[in-house]
Amino acid sequence: MKLQQTHMKVQEVSRDVWEIPVSEKDGMLVPARIYASPKILEEMDSGVFEQVTNVACLHGIQQYAICMPDGHWGYGFPIGGVAAFDQHHGIISPGGIGFDINCGMRLIRTNLTYDEVQPKMERLMTELFHQVPAGVGTKGLLRLNESEFKHLMRDGVDWCIANGYGWPQDRERIEEGGHLAGADSSKVSEKAIKRGIHQVGTLGSGNHYLEVQIVTDERIFDRRAAETFGLFGENQVVIMVHCGSRGFGHQVATDFLGVFEKAMKKYDLRVKDRQLACAPFKSPEGQDYFGAMLCAANSAFANRQVITHRIREAFSSIFQKSAESLGMEIVYDVAHNIAKVEPHTINGKRKDLVVHRKGATRAFGPGHPDVCAPYREIGQPVICGGSMETGSYLLVGTEKAVTETFGSTMHGSGRTMSRTAAKKKIRGADLKRRMEEKGIVIKAVSMSGLAEEAGMAYKDISDVVETVERCGITKKVAELRPVGNIKG
Amino acid sequence: MRSHRFLEDIAIADTAFEARGETPEELLLAAADALIATIADPTTIQPNLERDIQLSASDFPELLFLWLSELVFLKDAEPMVFCDADVSVRKDTSWELTGHVRGDSIQDEHLLGSDVKAVTKHMYNVAHDGNEWVAQVVLDI
Chain L
75 MKLQQTHMKV QEVSRDVWEI PVSEKDGMLV PARIYASPKI LEEMDSGVFE
125 QVTNVACLHG IQQYAICMPD GHWGYGFPIG GVAAFDQHHG IISPGGIGFD
175 INCGMRLIRT NLTYDEVQPK MERLMTELFH QVPAGVGTKG LLRLNESEFK
225 HLMRDGVDWC IANGYGWPQD RERIEEGGHL AGADSSKVSE KAIKRGIHQV
275 GTLGSGNHYL EVQIVTDERI FDRRAAETFG LFGENQVVIM VHCGSRGFGH
325 QVATDFLGVF EKAMKKYDLR VKDRQLACAP FKSPEGQDYF GAMLCAANSA
375 FANRQVITHR IREAFSSIFQ KSAESLGMEI VYDVAHNIAK VEPHTINGKR
425 KDLVVHRKGA TRAFGPGHPD VCAPYREIGQ PVICGGSMET GSYLLVGTEK
475 AVTETFGSTM HGSGRTMSRT AAKKKIRGAD LKRRMEEKGI VIKAVSMSGL
525 AEEAGMAYKD ISDVVETVER CGITKKVAEL RPVGNIKG
Chain G
147 MRSHRFLEDI AIADTAFEAR GETPEELLLA AADALIATIA DPTTIQPNLE
197 RDIQLSASDF PELLFLWLSE LVFLKDAEPM VFCDADVSVR KDTSWELTGH
247 VRGDSIQDEH LLGSDVKAVT KHMYNVAHDG NEWVAQVVLD I
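In order, the protein sequences belong to chains L and G.
Offset between the first sequence (1-based) and this note's numbering: plus 74.
Offset between the second sequence (1-based) and this note's numbering: plus 146.
Simulated from the structure, these hints should not be mistaken for laboratory data.
These figures come from a predicted structure and were not determined experimentally.
You may find that some hints are simply not true.
[Stated by the list, open to error] To list a few chain L residues with every Cβ distance to chain G over 12 Å, as calculated: (1) L277; (2) N309; (3) S536.
[Stated by the list, open to error] Quick list of in silico lysine to any residue cross-link-like pairs, SDA-like style, CA-CA up to 25 Å: (4) L:K213 - G:T184; (5) L:K474 - L:E540; (6) L:K265 - G:D275; (7) L:K356 - L:D342; (8) L:K498 - G:S240; (9) L:K336 - G:P225; (10) L:K346 - G:P225; (11) L:K224 - L:G251; (12) L:K498 - G:T184; (13) L:K99 - G:S240; (14) L:K265 - G:S149; (15) L:K498 - G:D238; (16) L:K506 - G:E208; (17) L:K261 - G:L257; (18) L:K346 - L:K113; (19) L:K499 - G:D230; (20) L:K498 - G:P225; (21) L:K498 - G:L212; (22) L:K336 - L:T302; (23) L:K499 - G:S240; (24) L:K113 - L:K506; (25) L:K339 - G:P188; (26) L:K340 - G:D179.
[Stated by the list, open to error] FRET-style restraints, in silico, Cβ to Cβ: (27) G:D187 - L:K423: 40 to 48 Å; (28) L:S263 - G:T244: 42 to 50 Å; (29) L:S396 - G:Q200: 50 to 58 Å.
Idealized CB from N, CA, C, for every residue including glycine.
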C-alpha cells in the first residue's frame with residue numbers, strides 16, 4: 075500500500091518535509107512529520123503513515139513524531155522513526171528502540187589503497203570471515219564468564235580497552251564514548267545473559283554485515299570534512315560494520331515488552347498498537363527497562379569494538395604490518411536503535427528529553443558539545459549503510475538537525491521488498507556471482523540470507539541521502555563503494 | 147493436519163507466517179515448523195540434542211507466543227538449530243505446556259537461514275476458525 079492508499083491529509087510544509095496534522099487521528103498530541111522527496115513519499119508503505127501518527131499519540135511527546143526518508147513499516151514505531159518525550163511526564167517504549175538495541179554502524183579507516191589490497195582480497199576476506207563469526211547462533215571467539223559479561227555491559231568500550239580489545243583513543247570516536255552511564259545489570263534477566271554471553275564479537279545475520287569499501291576521489295563531496303575524518307580518497311580502503319547487541323539485546327526487549335504490557339494497565343496507558351507498549355519513563359518499570367536497555371547498548375558498542383579488534387588483527391596478519399602502522403583508526407561509531415536522555419530546546423527552553431531513535435541516527439552539528447573534540451568544528455559523522463550492491467555514505471550532522479529533528483537523520487536505504495519476495499526473484503548463488511562480476515568478494519554463511527539482501531529489495535540510498543541533504547539535516551561527505559562483503 | 151505458509155506482504159524487513167492446526171497442539175507444532183524452517187533447513191539437521199520445555203500461560207495466544215520465544219532463546223543460548231519438536235497441552239485454570247525440541251549444535255553441513263531476533267506481537271493473531279486453530283506471527287529478523 076502506498077501514499078494514495080492512506081486516507082490521511084499529508085501536506086508539504088517545506089521542501090521535502092510533509093506534515094500530518096493532529097486532526098487526522100483521534101488522540102494525536104502533536105503533528106507527524108515525514109522527511110521525503112515526492113517520489114519517496116509516493117512509494118512509502120502506508121504502515122509508515124499509520125505508525126508515525128500512532129507515535130504522535132504517546133504521552134509526553136514533544137513537537138513532532140518524525141519519520142526519515144528511509145522509513146518503512148516497523149514494530150510500533152516505523153523504522154526511521156524519531157520521537158522525544160518529556161522525561162518527567164512522558165513514556166519510554168521498547169517499540170521506539172527496536173529488538174536490536176543499539177544496532178549501529180562503525181567505520182574504520184586504513185592507509186591502504188585498493189591497488190595494495192586487491193591482490194590479497196580473497197585471503198583478506200577469508201581471514202575476516204574466520205575472525206568475525208557470522209550467521210545463526212554463532213559463538214564469538216571471546217570467552218567470558220558471567221561476572222566479566224556484567225562488567226562489559228556496564229562499561230561497554232571501556233571494558234574492551236581495559237582488556238586489550240582496543241586503543242585508548244578509540245573511545246572518543248564512538249557515540250557517547252561507547253559507554254553509556256546508568257547501565258544496571260541487576261535489571262537484566264538470566265535468559266538475556268545466557269543468550270548473549272557467547273556472542274560478543276559476532277555479526278549475526280539479516281541485514282548485518284562487515285564490508286570492505288573504497289573511497290574514490292570523485293565521490294568525496296566535502297573534502298575538508300573527509301580529511302578531518304581521516305579519508306583521503308585515492309581508492310582508500312575502509313571497513314564498515316553493521317550489527318548490534320545480538321541475542322542479549324533481543325532478549326532484553328522481549329522481556330520488557332511483557333513487563334510493559336502489564337505496566338500499561340497499572341498506569342492506565344492506552345496505545346494504538348500492542349508493539350507500542352510503554353511505561354512512564356520515571357516509573358519503576360520505565361527505569362528498570364532503561365537500566366537494562368543501557369546494558370544492551372553498551373554490549374553493542376563492545377560487540378563492534380571486539381569486531382574492530384579482530385579486523386585489525388586480520389589486516390595485520392595479511393599485510394604483515396601492525397594495525398597502528400596501517401592507520402586503522404575508528405572514523406566513528408553511531409547507534410541507530412536507541413533511547414537516550416539528551417538536552418534539547420523546546421519553545422526556547424532547555425529540557426532533558428528521552429529521545430527515541432529507531433532506524434535513525436544522531437546527527438549533531440558543528441560546535442555541539444557532544445561532538446568529540448577532533449570533529450567538533452565539522453560536526454558529527456553519520457554512517458549510512460546502503461544495500462551490499464550499491465554502496466554506502468558518510469554524512470555529517472548539522473545545526474538544523476539539532477533544531478528541527480532532535481539532532482537526528484536517516485540510517486540506511488530502507489527496504490521496499492519483503493525477504494520472501496526477494497528470495498523468489500533471485501537465488502543467493504546467482505546474486506553472489508553477479509556481485510563477484512562487479513568486483514565484490516562475497517563470504518556468506520547463508521545463501522538464502524544473501525538473496526534476501528539483494529540490492530533490488532532496497533530503496534536507492536542516493537535518493538534518501540539527497541533528500542536529507544536538501545532538508546538540511548545532514549550533508550554528504552563521501553560515498554563508499556563495496557569491494558568485499560561478509561554476511562551471516 | 148498441521149500446515150504453515152509464509153506471508154509476503156506483511157513484513158517487508160522481516161518474516162511473517164500463518165500456521166494452522168486442528169488442535170492447540172497441532173497449531174503449536176505448525177508454528178514451530180515455520181520458525182524452525184526460518185532458522186535453518188530442518189532436513190539437514192540430525193536430532194543429536196534434545197531440550198525439554200515447560201511453560202504456563204493465562205491464555206492460549208500467550209502460550210503460543212512463549213513457546214516460539216523459548217525456541218528463539220534456545221537457538222542462541224545453547225546454541226542449536228532444530229529439526230523437530232513435540233508438545234502436549236493441558237488446560238486447567240491456566241494453559242500448561244510440556245514440549246521437547248530436537249536438533250543439533252551448528253555444523254558446517256547445516257543449511258542455515260535467518261537469525262531470528264524475536265517473536266513479535268505486531269499483527270499477532272490466534273483464533274479458532276471453524277474446525278481449525280489459525281495463527282499469524284511476525285518474526286523480527
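Hints and how they fare:
1. L277: Check fails; 9 Å does not lie beyond 12 Å.
2. N309: 33 Å, holds
3. S536: 20 Å, holds
4. L:K213 - G:T184: At roughly 19 Å apart (the allowed maximum being 25 Å), T184 (chain G) and K213 (chain L) satisfy the hint.
5. L:K474 - L:E540: 16 Å, holds
6. L:K265 - G:D275: 34 Å, violated
7. L:K356 - L:D342: Holds, at roughly 15 Å.
8. L:K498 - G:S240: 42 Å, violated
9. L:K336 - G:P225: 30 Å, violated
10. L:K346 - G:P225: 36 Å, violated
11. L:K224 - L:G251: Holds, because 18 Å separates the two Cα atoms, which is no more than 25 Å.
12. L:K498 - G:T184: Satisfied, since the Cα-Cα distance of roughly 15 Å is no more than 25 Å.
13. L:K99 - G:S240: Between K99 (chain L) and S240 (chain G) the Cα gap is close to 38 Å, so the pair fails against 25 Å, i.e. violated.
14. L:K265 - G:S149: With a Cα-Cα distance of about 30 Å, the restraint between K265 (chain L) and S149 (chain G) is violated, given a limit of 25 Å.
15. L:K498 - G:D238: Answer violated: K498 (chain L) to D238 (chain G) is near 44 Å, above 25 Å.
16. L:K506 - G:E208: Cα-Cα ~41 Å, so violated.
17. L:K261 - G:L257: 36 Å, violated
18. L:K346 - L:K113: The hint is violated at about 28 Å.
19. L:K499 - G:D230: 29 Å, violated
20. L:K498 - G:P225: 29 Å, violated
21. L:K498 - G:L212: With Cα atoms ~31 Å apart, K498 (chain L) and L212 (chain G) exceed 25 Å; violated.
22. L:K336 - L:T302: Measuring from Cα to Cα gives roughly 49 Å; hence the hint is violated.
23. L:K499 - G:S240: 45 Å, violated
24. L:K113 - L:K506: 30 Å, violated
25. L:K339 - G:P188: Not OK: K339 (chain L) and P188 (chain G) at ~41 Å, beyond 25 Å, violated.
26. L:K340 - G:D179: Outside the cut-off at roughly 36 Å; violated.
27. G:D187 - L:K423: 40 to 48 Å: 58 Å, violated
28. L:S263 - G:T244: 42 to 50 Å: At roughly 22 Å between Cβ atoms, T244 (chain G) and S263 (chain L) fall outside 42 to 50 Å, so the hint is violated.
29. L:S396 - G:Q200: 50 to 58 Å: 53 Å, holds
Checked against the numbered hints listed earlier, the structure breaks hints 1, 6, 8, 9, 10, 13, 14, 15, 16, 17, 18, 19, 20, 21, 22, 23, 24, 25, 26, 27 and 28; every other hint is satisfied.
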